[in-house]
Structures are given as C-alpha cells and as structure tokens.
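Peer 1: Here's the letter readout for the chains.
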Amino acid sequence: GAVVSQHPSWVICKSGTSVKIECRSLDFQATTMFWYRQFPKQSLMLMATSNEGSKATYEQGVEKDKFLINHASLTLSTLTVTSAHPEDSSFYICSARDPNSGRDNEQFFGPGTRLTVL
Amino acid sequence: GESVGLHLPTLSVQEGDNSIINCAYSNSASDYFIWYKQESGKGPQFIIDIRSNMDKRQGQRVTVLLNKTVKHLSLQIAATQPGDSAVYFCAEARYILGSNYKLTFGKGTLLTVNP
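Sequence order for the protein chains is A and B.
Adding 1093 to a residue's 1-based position in the first sequence gives its number in my numbering.
Adding 4 to a residue's 1-based position in the second sequence gives its number in my numbering.
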C-alpha cells in the first residue's frame, strides 16, 4: 500500500524559533497533500491543502504566514512553523492522495510529528 | 458550524464481543463517510468507507451503517480483539476542486478491549 513518512517524528524547540516538518510519499507521487493538527485527546483539524507547484489553500483561522507550506515536488511537502510558541505544541499529521489509487477520497496518513515548544 | 460528532467518547468491551461505535453528523452535503482507527502516537488508518447513497457496507469484521434520515453513522466490529483497542474517528468527505476530498473529522471514541 501507499506509504507516507514524516520527519522528524518528534521535535522540541525554544519559543520564537522556527521548525520544519517534512512529509514524503515513499512509493507514489502525490499531487495533493494535506496538513492536519491534533491537540491531545482531540480530533484532527485540517490546516491546509497543498497542491504540487501551487500555493496552499488554508482553512479559515489558520495563519498562512505562520504555517508556511511548500509542495515543491510530487513526493515532498514541508510545513514550517515560524516563530513557534507553546500554544503551537501539537501533533502535526500529513496525508497524501495517490491519484492512481482508484479512490479519489482516500488519503494516506503519515505517522505524525509531535512538536513541543518550550 | 457544521460538524461531525460522536455520542460515546469511550467504549469498553470484552474480547470476543461485538463493538458498536456511533457518530452523528450535521452536514448532509457529503459524498462519503469514512471510519479511521488511530493508535496512540500514530496517524489515522483507513478502516472502511461508505458512499452517501448507500446505507450499509461490510468489510472484514467491520460493518458501517448509514442512516441519512437521522444523520447517523455507526461502525460495528465483530469479535473484537485486543488489537482493536484504539481511538476511532468518523470523517465526512466532501468533494473539492481537483478530484480531491476534504475530510472533516469527528471527536473520536476510545475503544478499550479487555482480555
């Protein structure tokens, strides 16, 4: 099956620094990737939809200048949390759609990245 | 706003019993409903989906029922095993541009299977 990886799996940073999280589709080319945020004991909330070669579409309430998304290739999307603060501490999960899977509604999820901002 | 929610935040069952996890939704303009399983510290794993024009779909040990009249979705797990212990989310999938679907997740139910 389609595999999506994320790096790093966890990161601890100081307040005010920026953190980059990578999302890779390992065995397929993903024209679209999605970024979600999940706080403890809560559900996944979609942050943005990332299309290769174009600007990401952000959900209402998500600051595009704070959460920079780059989808420069068909196998890699990055999320950069700029000037991170403790309230940004969360579990960040990406997903990718395989256009050749035959199922347009199927998203393959990465293992998540645990961000802790001190 | 529109949301997908769950009736039961926790469910504890004995190994071998059947489990039923429920979900209520409020937005009728969805194309699919999907159930995901999420183990601690991991990303969601697809279990089964159902198109909005269907009322039942079966998979291996799982059955999803959709009642559009009362906007209710359920996941039935037969012969529940300890490995089924996880948080289960229902999600609503709505079509957006470019052959993509936007997922809206419900709150999740923690299923605990006791040996």
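Check each hint, because a few of them may be wrong.
Said to hold, decoys possible - To spell it out: a stretch of chain A is covered by chain B in this simulated footprint if at least three of its residues, at any positions, have a beta carbon under 8 Å from a beta carbon of chain B; those stretches are:
| id | region |
| --- | --- |
| 1 | 1115-1123 |
| 2 | 1157-1164 |
| 3 | 1168-1182 |
Claimed, not checked - Distance ranges between label pairs, derived from CB positions:
| id | chain 1 | residue 1 | chain 2 | residue 2 | range |
| --- | --- | --- | --- | --- | --- |
| 4 | B | 44 | A | 1154 | 41 to 47 Å |
| 5 | B | 73 | A | 1138 | 40 to 46 Å |
| 6 | B | 59 | A | 1110 | 49 to 55 Å |
| 7 | B | 101 | A | 1195 | 30 to 36 Å |
| 8 | B | 56 | A | 1134 | 27 to 33 Å |
| 9 | B | 61 | A | 1095 | 19 to 25 Å |
Unchecked claim - Quick look at which bits of chain B chain A covers, simulated, 3 or more residues with Cβ under 8 Å:
| id | region |
| --- | --- |
| 10 | 41-55 |
| 11 | 105-111 |
In short, the hints are calculated from the structure, not lab data.
None of these values were measured; they are calculated from a predicted model.
Even for Gly, the Cβ is constructed at its ideal location relative to N, Cα and C.
Peer 1: Hints first: check each against the structure and report whether it holds.
Peer 2: Now for the hints, and whether the structure bears them out:
1. 1115-1123: With 0 residues closer than 8 Å to chain B, the region 1115-1123 of chain A misses the three-residue bar; violated.
2. 1157-1164: Violated: only 0 residues of the region 1157-1164 of chain A have a Cβ under 8 Å from chain B.
3. 1168-1182: violated (count 0)
4. B/44 <-> A/1154: 41 to 47 Å: violated, 27 Å
5. B/73 <-> A/1138: 40 to 46 Å: violated, 29 Å
6. B/59 <-> A/1110: 49 to 55 Å: holds, 51 Å
7. B/101 <-> A/1195: 30 to 36 Å: At 20 Å between Cβs, range violated.
8. B/56 <-> A/1134: 27 to 33 Å: Check passed, 29 Å falls within 27 to 33 Å.
9. B/61 <-> A/1095: 19 to 25 Å: The hint (19 to 25 Å, Cβ to Cβ) holds, given that residue 61 of chain B and residue 1095 of chain A are roughly 21 Å apart.
10. 41-55: Our answer is that it holds, as 7 residues pass the Cβ test (under 8 Å) against chain A, meeting three.
11. 105-111: holds (count 7)
Comparing the model with each numbered hint stated earlier shows that hints 1, 2, 3, 4, 5 and 7 do not hold.
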